[in-house]
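Protein chains in written order, with the working numbering: chain A, 11 to 339; chain B, 260 to 540.
Hints are supplied without guarantee of correctness; some may be wrong.
[What the hints assert, rightly or not] Simulated restraints on C-beta separations:
id	chain 1	residue 1	chain 2	residue 2	range
1	B	Thr311	A	Thr215	50 to 58 Å
2	A	Leu107	B	Arg271	19 to 27 Å
3	A	Glu222	B	Leu422	27 to 35 Å
4	A	Trp236	B	Leu390	51 to 59 Å
5	B	Arg360	A	Ala323	15 to 23 Å
6	A	Gly299	B	Arg357	49 to 57 Å
7	B	Gln451	A	Ala323	30 to 38 Å
8	B	Arg357	A	Ser178	55 to 63 Å
9	B	Asp507	A	Ala169	32 to 40 Å
10	A	Arg129	B	Trp482	44 to 52 Å
[Claimed, not checked] So the derived list for chain B, only partly shown, Cβ under 7 Å to chain A, looks like this:
id	residue
11	Trp289
12	Gly291
13	Leu307
14	Val340
15	Ile344
16	Pro376
17	Leu421
18	Phe474
19	Ala516
20	Met521
Rather than coming from a laboratory, the hints here were simulated on the basis of the structure. Ideal Cβ positions, reconstructed from N, Cα and C, are used throughout, including at glycine.
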Amino acid sequence: MVDLAVKEDVPLLLSSARLSRSYRAERTFKNLTLACALFVAAMFVGIIWSLFDGAWPAIRAFGVGFLFTEAWNPVTERFGALAPIYGTLMTSLIAMLTSVPIGIGIAIFLTELCPRGLRRPIGVAVELLAGIPSIIYGIWGLFVLAPILQQGLMPFLIATFDGVPVLSSLFAGPPYGIGIFTAGLILAIMTLPFVAAITRDVFETVPPVLKEAAYGLGATVWEVQWNVVLPYARSGVVGGVMLALGRALGETMAVTFVIGNAHRISSSLLAPGTTISAAIANEFTEAFGELYTASLVELGLILFFVTFLVLAAAQYMLYQLERRAGGRT
Amino acid sequence: MNRGRYLRRRIRSGIFLGLSVGATLFGLGWLGVILGTLLYEGFSGIDLAMFTESTPPPGAMGGLLNAIFGSLMMGTIAVAVGTPIGLLAGTYLAEYGRYTRLAFFLRFVNDILLSAPSIVLGLFIYDVMVLPMGHFSAFAGAAALTVIVIPVVVRTTENMLLLIPNTLREAAIALGATRSHVIRRVTWRAAQAGIVTGALLAVARISGETAPLLFTSLNNQFWSVNPNEPMASLPVAIFQMAMSPYEDWHRLAWSGALLITMAVLALSITARVLESPQERR
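Excised from the complex, chain A in its bound form:
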């Protein structure tokens, strides 16, 4: 009976009408998925195009000088990106200098020292914290961290470094509580779980045999971390740090609350400043005139360009690590 059924079915299945219908359905489905995949590329191209389009009046008016001008005057329509660029780089630098060593410390703790039972809970907690929206960090920075800094840490820093050559100008002026330094700290706290989670993942790709061999030779725990794990995981850690840097550079809400939005470059880290994203967030809806809006869009273009470079480098580093990990197993 079974045989008969098959015999009846086969010619039907191969009938040319049915076959071509099936082919057509196949092609349609494949093309549909391809179209959606290309849509992703279209968004990317669209972003770049729209930013160029929107920024064009400013690019034409100010040229390359836009990048090196500190002035930001809506009334006289003189705009320059130097202050926001400086603020963006400086806050990200402070953030990375703080969060990378601490993040690596957490990763070492999680992969090497942590009791087995605690490893998963702490790891999961770190990953969950990495997903908390940045506005939460921003509101906390404004209401909690800024007053603490204003009353405690900032006067202390100003008093301590008073008279020390370079440091006295870095930590000078009245303690506003908000400013480049505060924004950098908030970014550090925000990127910390991200750095820790990625570094831990990278450390876990280190083959145990390597570590065991080093222990076998009599190396201490720290020597194994420093001489075996870190060199092996270097490209991955650098990639992860760049990914975090990409986030810090483009972060808007955590920074906007506490940066002070002042378009000037002060030698003091404690002074209010601005970043590219904070300037756009604060001023875009209130911008009057074509040139003002275009200048803000050009800031966005610069930000996109810089984060693109950083993220592309991060992708490359992580890809290298992946290929190596894949090649060894």
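Knowing the structure of chain A, use the given hints to seat chain B on it.
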């Protein structure tokens, strides 16, 4: 063996490991303090009015009803539009494209979009939707969120599909199933939990997004269900109230922040639970 030297190495090791324990305590401590403050400040402001009244005019009390509704509405539209596109695109990368140059390029572009500054995505939507339409609208806000949803879904879908063993596909093909049949009936089904995880993660990601909404959906102090008009959203409402000089508004902002954090944590935990039987690395 040189005892003194060995001892020095041991001490050095101990110091650095102590520092790493310290780093963990320090780092997690800060994060604990943030969550603690959030709980403390947020809970005191949560009451019935928060869920039944709209955002207040300056100096008055009110709730967050319109903002909560706006967030839900724009989030729903974004996920409804973004998930199918992301799912199909991820399917192309994992099933058809896999090792082609095009797929390699698309993967790269997608990963860039995944971490691109969200405020720039807002500028993009402002240019392609708000300007042509001539006004801010919830549609534009939803579109900006869609741009964020798609890369998240693409990435998780592709990752999940790649975890499905090839033998499963081969078995189905050997039985005479066509390629699209295999994808829809075998691989998608096997990766179901992972795909849902991707959608949940995307929702978690957009529920706190503020920057792209600032100049797409703007804000609206009043109750509005018309997606063609400016609409309030929780994050933007929090931003405006926190920046205001009114003490009452600050309390409302804290409560809203607590609400968002709870939602995000619940979503991430659900996603994690769903994912766990599939992926155990």
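Going through the hints against the structure:
1. A beta carbon spacing of about 52 Å between threonine 311(B) and threonine 215(A) agrees with the range 50 to 58 Å that was offered as a hint.
2. Hint check: leucine 107(A) to arginine 271(B), Cβ distance near 23 Å, so the stated range 19 to 27 Å holds.
3. Distance hint for glutamate 222(A) and leucine 422(B): a CB-CB separation of about 29 Å, consistent with the stated range 27 to 35 Å.
4. Our hint of 51 to 59 Å for tryptophan 236(A) and leucine 390(B) holds, since their Cβ atoms are close to 55 Å apart.
5. The hinted window of 15 to 23 Å between arginine 360(B) and alanine 323(A) holds, with their beta carbons roughly 21 Å apart.
6. Our hint of 49 to 57 Å for glycine 299(A) and arginine 357(B) holds, since their Cβ atoms are close to 50 Å apart.
7. In this structure the hint that glutamine 451(B) and alanine 323(A) lie 30 to 38 Å apart at CB holds, the actual value being about 36 Å.
8. Between arginine 357(B) and serine 178(A) the C-beta distance comes to about 59 Å, which sits within the given range of 55 to 63 Å.
9. For aspartate 507(B) and alanine 169(A), the hinted distance range of 32 to 40 Å is satisfied, since their beta carbons lie about 37 Å from each other.
10. Range check, arginine 129(A) to tryptophan 482(B): Cβ separation about 48 Å, and the 44 to 52 Å hint holds.
11. Interface restraint check for tryptophan 289(B): the shortest CB-CB distance to chain A comes to about 5 Å, inside 7 Å, so the restraint holds.
12. A hinted interface residue such as glycine 291(B) counts as satisfied when its beta carbon comes closer than 7 Å to some beta carbon of chain A; here the least separation is about 9 Å, so the hint is violated.
13. The closest approach between the C-beta of leucine 307(B) and any C-beta of chain A is roughly 23 Å, which is over the 7 Å cut-off, so the hint fails.
14. The beta carbon of valine 340(B) is not positioned within 7 Å of any beta carbon in chain A (closest approach about 11 Å), and the interface hint is therefore violated.
15. With its C-beta approaching chain A no nearer than about 5 Å, isoleucine 344(B) sits inside the 7 Å limit, and its interface hint holds.
16. The beta carbon of proline 376(B) comes within 3 Å of a beta carbon in chain A, closer than 7 Å, and the hint placing it at the interface holds.
17. Because the smallest distance between the Cβ of leucine 421(B) and any Cβ of chain A comes to about 12 Å, over 7 Å, the interface hint for this residue is violated.
18. The beta carbon of phenylalanine 474(B) is positioned within 7 Å of a beta carbon in chain A (closest approach about 5 Å), and the interface hint is therefore held.
19. Interface hint status for alanine 516(B): upheld, as the beta-carbon distance to the closest one in chain A is roughly 5 Å, under 7 Å.
20. Checking methionine 521(B) against chain A: minimum C-beta separation of about 11 Å lies over 7 Å; hint violated.
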